[in-house]
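Taken in order, these protein sequences are the chains called A and B. This note's numbering numbers the first residue of the first sequence as 951 and each following residue consecutively. This note's numbering numbers the first residue of the second sequence as 951 and each following residue consecutively.
Hints are computed from structural coordinates only; laboratory data are not their basis. Please note: incorrect hints may appear among the correct ones.
One copy or two, either will do: identical chains are not told apart, so a pair holds if it fits within one copy or between any two.
Here are the simulated DSS-like pairs of lysine-lysine, each with C-alpha atoms no more than 27 Å apart in a straight line [as the list claims (entries may be wrong)]: (1) Lys-1061 to Lys-1248; (2) Lys-1246 to Lys-1008; (3) Lys-1094 to Lys-1008; (4) Lys-1094 to Lys-1279.
Here the structure is a predicted model, which means the values were calculated and not measured.
Protein chains: 2
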Amino acid sequence: MTTYNKLVLASRPQGVVVPENFRLETATVAPLTEGQVLVRNHFLSLDPYMRMRMEDTKSYAAPQAIGETMIGGTVGIVAESKHPKYAVGDEVVGMLGWAEMGVCDGTLLRKVDATHIPLSAYLGSVGMPGMTAWYGLTQIIAPKAGETVVVSAASGAVGSVVGQLAKLRGCRAVGIAGGAEKCAYVVNELGFDACIDYKAGNLAADLKAATPDGIDGIFENVGGTIFDTCIARMNPFGRIALCGLISGYDGEPMVINNMRQFLTMRLSMRGFIVSEHIELWPEGLKELGGLVATGKLKFRETVADGLAAAPEAFIGLLKGRNFGKQLVKLV
Amino acid sequence: MTTYNKLVLASRPQGVVVPENFRLETATVAPLTEGQVLVRNHFLSLDPYMRMRMEDTKSYAAPQAIGETMIGGTVGIVAESKHPKYAVGDEVVGMLGWAEMGVCDGTLLRKVDATHIPLSAYLGSVGMPGMTAWYGLTQIIAPKAGETVVVSAASGAVGSVVGQLAKLRGCRAVGIAGGAEKCAYVVNELGFDACIDYKAGNLAADLKAATPDGIDGIFENVGGTIFDTCIARMNPFGRIALCGLISGYDGEPMVINNMRQFLTMRLSMRGFIVSEHIELWPEGLKELGGLVATGKLKFRETVADGLAAAPEAFIGLLKGRNFGKQLVKLV
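Please build the complete structure, drawing on both the sequences and the hints.
Structure follows, in structure tokens:
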């Protein structure tokens, strides 16, 4: 019998996530029934949204159940198939969770081509994070050439794509990231016009200097003081794509003082979850895939080795320790 | 020579507005030149937005200049005309400010018919406040029958129209107002399904009881804690029309703690100024005028007597002392 390792949610976090919130278990692959596919996962994606799923509060999705495999995006290769659409050896993206293998009925499974695009990129720039950036930028901010777009967590899997797509659309792209190294990468490698190190302690002044014409669009991943400071720089009819609020996921208060700006500047803001806009994925993935395949969209990955490393890597992600897309290599 | 009284902005408020921020002056009507109209104002409209104009901060409009007649909507009758479109005796709505008379070139002047609609209503339900309600409800909240719409300052010139229009569209309309008398009026006279007295001290619990199915649309006039409490009750894909933040106009902090709700519930919010959407006024005023003329849209007015009473009436408006539309009767 084939066995594999998986990580289940052992307990819900009280404040910050700790390694004890997860438990490593060994599972056995049962014989496939008609319509099922067995996938050996090569990479697991770690994403901030998982933190929200760990809580038992009303949100856009049911909470992650205690004792069940942690939710998560995966890429891998079909190891066995009783499904007419999938054959052994197919490269597939799926939602098989924090596990070395997974059996599924084809739901949320998608064949991909790793000839010109690395398999891992289907969890990043050409996957959910890339689509998140694409959706928020093109469907909510919808920037015109010459406008200024600011994105927080700019070196991350989503933020890095937001700024590069904005540049391709003729915008001024300004990032916010933690630390000089990340900021240098965002400007020098990704080609943003500027990047502000929020850890340097001069956020408001640095933001003002980096956005001389104000801000027309905010792609928000962080929330809290960083977000509030950006709101104060918004131009009339500015648009805000609210994608994440990672600074508050552990329960810290996340106060917005600049609400008046929404009125005086007639701002619009919309929170979104990219999985609710599947109808736009083909269009977005086509652009993203083309840009990655031709080297026009750059990305960086932080890769943890082996499933057992996933909890610490996830905790690091929530603290901003990763640099670019956080992955776990399973094979 | 004809003389008249007017009120000018004497000084900008430091915190709350005080009577000394205004100064009564006497002006003389100069002989009309070609294209000019002289209007004797019958009513002056007092509106919360004027508080923002009194400040010298970046906003959607230039600040009110010191020493100039306070800005404001008026209805009156043409007393003299050298304008081909206006004749003596015409009833007109204009923006002639806090003054007993005014000369203008026809800009922002509009002939109205007081046969079936009282002249004063053109400053309320069939004027800018009514259009504000109509725009925010129909263009931003766009509620479906069966949805729940909550509006703050529900007995006021704008809020009262919001709830009645929502009811006409098959929604559950819930108001928030200050005091038992206003709340009784909102339910018994205006026909809202419920109205919460925020002064009663049980806002969160009362709101929960009044919105058993959550909230799909917020029409926000007040801001601060009232707004924050409503946000916490929003359903997925809820819409917020941000019209005013009167609780913060004197500079009090206006903190929003429930920003996370925007993300988890995928809320959208838009701040707006109805004067920027003039193209929709004919459609909106047609509906509002028809409803007022047939008695289907009810309103109440608080009328101060004489121009000299305007400052105190305005200060009362900012503190919620008015009941319905605040007017100043000039003739």
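Quiz item: Hint by hint, which ones does this structure get wrong, listed from lowest number up?
Solution: Violated hints (numbers, rising): 2 and 4; every other hint is consistent with the structure.
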